[in-house]
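Novice: Which chain is which? The protein sequence lines are A and B, in order. Numbering of the first sequence is given in numbering that gives the first Met the number 0, commencing with residue 0 and proceeding in unit increments. Numbering of the second sequence is given in numbering that gives the first Met the number 0, commencing with residue 0 and proceeding in unit increments.
Be aware that one or more of the hints could be misleading.
Note that identical chains are pooled: a pair holds if it fits in a single copy or bridges any two copies.
Lysine-lysine pairs mimicking DSBU-like chemistry, simulated, CA-CA at most 30 Å apart [to be verified]:
(1) LYS102 x LYS415
(2) LYS40 x LYS254
(3) LYS205 x LYS75
(4) LYS223 x LYS103
(5) LYS73 x LYS415
(6) LYS439 x LYS385
(7) LYS102 x LYS413
(8) LYS73 x LYS205
(9) LYS223 x LYS342
(10) LYS85 x LYS428
(11) LYS254 x LYS41
(12) LYS292 x LYS85
(13) LYS205 x LYS85
(14) LYS79 x LYS428
(15) LYS73 x LYS409
(16) LYS223 x LYS413
(17) LYS223 x LYS40
(18) LYS85 x LYS166
(19) LYS342 x LYS254
(20) LYS40 x LYS73
(21) LYS166 x LYS443
(22) LYS41 x LYS253
(23) LYS223 x LYS41
These are computed hints drawn from the structure, not numbers from a lab. Bear in mind that the values here come from a model prediction, so they are computed numbers and not experimental data.
Now for the letters of each chain:
Protein chains: 2
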Amino acid sequence: MEGLLFSESDQIGDFALAVDFYELTMAAAYYYSSLNEKDMKKRGVFEMFIRRLPANRSYIVAAGLEQVLYFLMKMKFNDKQISYLKSHEAFRYVDRDFFEYLKKFRFTGTVWAVPEGTILFPNEPIIRIEAPMIDAQIVETYILSVINFQSLIATKASRLVNAANRKPIVEFGSRRSHGPQAGLLAARAAYIGGCTGTSNTLAGYKLGIPVFGTMAHSFVMSCKREEDAFSQFSRIFPTGYLLVDTYDTIAAVKKILGLGIDPHGIRLDSGNLLQLSTESRRLLDNAGHSQTKIMATGDLNENVIGNLIDMHAPIDSFGVGTDLSTSRDDPVMGGVYKLVAVKQYPASGIRKSSVYNKIIYKIKTSPGKQTYPGPKQIIRIIRNDKIKRDILALEEEGNNLKDGVPLLVKMIDKGKLACYMPSLAEIQKYHIQQLKLLPKIYKKLEFVSFPVEFGKKDQDDNSSI
Amino acid sequence: MEGLLFSESDQIGDFALAVDFYELTMAAAYYYSSLNEKDMKKRGVFEMFIRRLPANRSYIVAAGLEQVLYFLMKMKFNDKQISYLKSHEAFRYVDRDFFEYLKKFRFTGTVWAVPEGTILFPNEPIIRIEAPMIDAQIVETYILSVINFQSLIATKASRLVNAANRKPIVEFGSRRSHGPQAGLLAARAAYIGGCTGTSNTLAGYKLGIPVFGTMAHSFVMSCKREEDAFSQFSRIFPTGYLLVDTYDTIAAVKKILGLGIDPHGIRLDSGNLLQLSTESRRLLDNAGHSQTKIMATGDLNENVIGNLIDMHAPIDSFGVGTDLSTSRDDPVMGGVYKLVAVKQYPASGIRKSSVYNKIIYKIKTSPGKQTYPGPKQIIRIIRNDKIKRDILALEEEGNNLKDGVPLLVKMIDKGKLACYMPSLAEIQKYHIQQLKLLPKIYKKLEFVSFPVEFGKKDQDDNSSI
Chain A
0 MEGLLFSESD
10 QIGDFALAVD
20 FYELTMAAAY
30 YYSSLNEKDM
40 KKRGVFEMFI
50 RRLPANRSYI
60 VAAGLEQVLY
70 FLMKMKFNDK
80 QISYLKSHEA
90 FRYVDRDFFE
100 YLKKFRFTGT
110 VWAVPEGTIL
120 FPNEPIIRIE
130 APMIDAQIVE
140 TYILSVINFQ
150 SLIATKASRL
160 VNAANRKPIV
170 EFGSRRSHGP
180 QAGLLAARAA
190 YIGGCTGTSN
200 TLAGYKLGIP
210 VFGTMAHSFV
220 MSCKREEDAF
230 SQFSRIFPTG
240 YLLVDTYDTI
250 AAVKKILGLG
260 IDPHGIRLDS
270 GNLLQLSTES
280 RRLLDNAGHS
290 QTKIMATGDL
300 NENVIGNLID
310 MHAPIDSFGV
320 GTDLSTSRDD
330 PVMGGVYKLV
340 AVKQYPASGI
350 RKSSVYNKII
360 YKIKTSPGKQ
370 TYPGPKQIIR
380 IIRNDKIKRD
390 ILALEEEGNN
400 LKDGVPLLVK
410 MIDKGKLACY
420 MPSLAEIQKY
430 HIQQLKLLPK
440 IYKKLEFVSF
450 PVEFGKKDQD
460 DNSSI
Chain B
0 MEGLLFSESD
10 QIGDFALAVD
20 FYELTMAAAY
30 YYSSLNEKDM
40 KKRGVFEMFI
50 RRLPANRSYI
60 VAAGLEQVLY
70 FLMKMKFNDK
80 QISYLKSHEA
90 FRYVDRDFFE
100 YLKKFRFTGT
110 VWAVPEGTIL
120 FPNEPIIRIE
130 APMIDAQIVE
140 TYILSVINFQ
150 SLIATKASRL
160 VNAANRKPIV
170 EFGSRRSHGP
180 QAGLLAARAA
190 YIGGCTGTSN
200 TLAGYKLGIP
210 VFGTMAHSFV
220 MSCKREEDAF
230 SQFSRIFPTG
240 YLLVDTYDTI
250 AAVKKILGLG
260 IDPHGIRLDS
270 GNLLQLSTES
280 RRLLDNAGHS
290 QTKIMATGDL
300 NENVIGNLID
310 MHAPIDSFGV
320 GTDLSTSRDD
330 PVMGGVYKLV
340 AVKQYPASGI
350 RKSSVYNKII
360 YKIKTSPGKQ
370 TYPGPKQIIR
380 IIRNDKIKRD
390 ILALEEEGNN
400 LKDGVPLLVK
410 MIDKGKLACY
420 MPSLAEIQKY
430 HIQQLKLLPK
440 IYKKLEFVSF
450 PVEFGKKDQD
460 DNSSI
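Between the sequences and the hints, there should be enough to build the whole structure, so can you do that?
Specialist: This is the structure:
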């Protein structure tokens, strides 16, 4: 019987197998092909980027890097997993040398990435990895799944925050997230994207994200009278929010006032939120409770919130669940992880020769899936405190540009952490700074194309340097 | 620095906190309100069901139960978590009795559910829990997130299997799933829904699901010539599939034939799949390789596959990624978990009195969110080996119906496992049997309404029995 979510031992090792099987067959193929070229070591340069933005988005928010770095530094295979692989029919003709190699495998590559919270555009690398081909290949699925998902949710959260015009948004979506871990990762990404907090208690416990909760319909329903629920709850939680829509919202607000409760807040969860918030505000103000907050929840998204804001609904904060935690209007960040160059070095012990020190740019030409060759850097041009445009240049070209900010920084150097890891609060702050730098037009809920220029050398194919 | 995915200790305890915070505030409210009624014990009956089907679906496939049962039997809170809760501002006025209670908390409820793989319709309970109010409330988020997600993916897989007309479908979507755990759970659910296997190696290792993989573009690109990639790969993996679309699909098939390789299979990943599969088949057949399989991948979904099948494309199997693992066209299973009855019993030590043994049916009347009161059973009426209709009856009414099959069975009895846990292969077989029982019209890709009748007593509100 499988919980799947929390086997008690060897979790890191288990997640090392969270890869598409072809990464492992490729690893074996690389292993034997490098044996065929004994005097040469190949290192691959891979970049993760998106080809197209999710629907109606003008930018994405990079997120998930911390989990990826942790994984890269910790992943390894244990004996039980290697026995499983050995027993797989596909590996029938693979000899024990490869499995001995896997047993000792640790990631030894170098990683550049944009800091979490960075605003990015299509074709711009979120992460770039230079590593022996096997190391770079074997981590593909894990990197994609973590960064695609968290960036998807951080992007959605950022849209919601833009729509809400500085009113707080709390992430409430764990029940519709794609499993418990997705709920936790969504809470993290939503916070990076600017949400005030989450309802996910584990995210508070593990990550220090502010955790919020109100009361449930079932509690109201379990009491004999709605009044009993309100008075019992506010006795125990004087700073809690009372849920008023179980039977009739306005009647419930009147009951609260009739009981003489001074509620910290009320939550509206259904019906016409403009009308109900206006009427509730009026009732509360007339009874002297102008400090009482009104929170709205119930299938909200950026369009509904934008409309409520436009119509000046007297709502103080929003709880957004399903639409945020699944990025419901477009649940896919289509990030890909592509080989952009192969570097060839002489193997140790072989006398150095300039012939071997070469870099070959790689390009894929499948219809609709072309890649831009070469290791790249993103140069962001900022004028008058606003992002003007980005230049996507080859690494060495980008590093030599005098103007602009290079966005990719070294995070792991030959398998070891090489950067400061910011706290989640710092990441959120950085994203909010990024939003301030972004011209208003890109914060609209409809797509507006941002100018990304390609550096001069960028279209060369198979050029050797 | 947080991996979040595999902290090495105390995993079960950690996931006990994977709840919306309001489940815990509610728990405290129930705790103190039950103290106020010292002579009475309340048990809640909650049902999880969907109000509406995901887009264009005519049925859903229940999945995720095994993980839920495991969680219910194992979940508990540890000291560190309880310290975290104590320190939360909302619990400022909650005394230590409640936290002592939480420390000893184990789930003691009784659980009925439909077996995984069951075909269900709106309003039909997937799971019903009868438990002390706290036990039933505290597990809500976890149950919803696991069952919503796996049922969503099993349903999507079942659609794909219907569209593919018995040709095998392999789940390839981990890189776009909502995090690594979602990838693992999606592989499980897709297999339940009828997929042949997955690319997720962890799903093979942990769950015994058949694992498939072919070769990657990056391997082709890392070799000097495409031919080198084909010959190296097929030497190591003679039963592997060769990926032919990195540069030019038809040219690649010709290269394979020119090398004298007898390929087990080829994979097409882009372009016009009808045209490319037809031309590749012709080339392979003409060269005497009529045994070579053709697999198609690349942004497939049930509509594309249905069209390819209709046009008799000579494709032997399909790999479906993003659309399957995120249920892209509708990424939300909107299951809810609602209180349908409260049972009141005398507390132990109090003399039994019939007054106390009562059940109160509960109904919520928020606009658009009404619930059907009372604990329910689903009775499935089968005629000539086809599902004719379902009757959604009150539990005692349903159990007395002479005709039809009751779908909900007892899975946990007072906290202890009370059922046989089928293997994943058995679950898949059961779902395929269910599909055979389902009239063809409900297997179309457009919504067709299935008749679910409500039992007679079902609309009574607050009736006591």
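Novice: Indicate, hint by hint, whether the structure satisfies it.
Specialist: Hints and how they fare:
1. When the C-alpha separation of LYS102 and LYS415 is checked against a cutoff of 30 Å, the pair qualifies only within one copy, where the shortest distance is 19 Å, while the shortest distance between copies is 40 Å.
2. For the identical chains of this complex, LYS40 and LYS254 are inter-copy neighbours only, at 27 Å across copies versus 76 Å inside a copy, given an alpha-carbon limit of 30 Å.
3. For a Cα distance limit of 30 Å, the shortest separation of LYS205 from LYS75 qualifies both inside one copy, at 24 Å, and across copies, at 16 Å.
4. Taking the shortest Cα distances, LYS223 and LYS103 sit within 30 Å of each other only across copies (28 Å), while inside one copy they are farther apart (64 Å).
5. For a Cα distance limit of 30 Å, the shortest separation of LYS73 from LYS415 inside one copy, 10 Å, qualifies, whereas the shortest one across copies, 37 Å, does not.
6. Taking CA atoms no more than 30 Å apart as the test, LYS439 paired with LYS385 passes inside one copy only; the shortest distance there is 10 Å, against 59 Å between copies.
7. In this homomeric assembly, LYS102 and LYS413 come within 30 Å of each other (Cα to Cα) only inside a single copy, at 19 Å, whereas the closest approach across copies is 45 Å.
8. In the homo-oligomer, the alpha carbons of LYS73 and LYS205 lie at most 30 Å apart both inside one protomer (19 Å) and across protomers (20 Å), since each shortest distance falls under that limit.
9. Taking the closest pair of Cα atoms, LYS223 and LYS342 come within 30 Å of each other only across two copies (12 Å); inside a single copy the shortest separation is 73 Å, beyond that limit.
10. With identical chains, the CA atoms of LYS85 and LYS428 are at most 30 Å apart between copies only, with a shortest distance of 28 Å across copies and 48 Å within one.
11. Only between protomers do LYS254 and LYS41 lie at most 30 Å apart by alpha-carbon distance; the minimum there is 25 Å, versus 73 Å within a single protomer.
12. Within a single copy, LYS292 and LYS85 get their C-alpha atoms only as close as 61 Å, which misses the 30 Å cut-off; across copies the closest is 25 Å, which meets it.
13. For the identical chains of this complex, LYS205 and LYS85 are inter-copy neighbours only, at 15 Å across copies versus 36 Å inside a copy, given an alpha-carbon limit of 30 Å.
14. Taking identical chains as interchangeable, the C-alpha atoms of LYS79 and LYS428 lie at most 30 Å apart only when they sit on different chains, with a minimum of 29 Å there against 43 Å within one chain.
15. For the identical chains of this complex, LYS73 and LYS409 are intra-copy neighbours only, at 18 Å inside a copy versus 42 Å across copies, given an alpha-carbon limit of 30 Å.
16. For the identical chains of this complex, LYS223 and LYS413 are inter-copy neighbours only, at 26 Å across copies versus 65 Å inside a copy, given an alpha-carbon limit of 30 Å.
17. For a Cα distance limit of 30 Å, the shortest separation of LYS223 from LYS40 across copies, 14 Å, qualifies, whereas the shortest one inside one copy, 75 Å, does not.
18. Taking the closest pair of Cα atoms, LYS85 and LYS166 come within 30 Å of each other only across two copies (28 Å); inside a single copy the shortest separation is 55 Å, beyond that limit.
19. In this assembly of identical chains, LYS342 and LYS254 lie within 30 Å of each other by CA distance solely across copies; the values are 26 Å between and 73 Å within a copy.
20. Taking identical chains as interchangeable, the C-alpha atoms of LYS40 and LYS73 lie at most 30 Å apart only when both belong to the same chain, with a minimum of 24 Å there against 49 Å between chains.
21. When the C-alpha separation of LYS166 and LYS443 is checked against a cutoff of 30 Å, the pair qualifies only within one copy, where the shortest distance is 16 Å, while the shortest distance between copies is 45 Å.
22. In this homomeric assembly, LYS41 and LYS253 come within 30 Å of each other (Cα to Cα) only across copies, at 28 Å, whereas the closest approach inside a single copy is 73 Å.
23. Taking the closest pair of Cα atoms, LYS223 and LYS41 come within 30 Å of each other only across two copies (12 Å); inside a single copy the shortest separation is 73 Å, beyond that limit.
Consistency note: the structure conflicts with none of the earlier hints.
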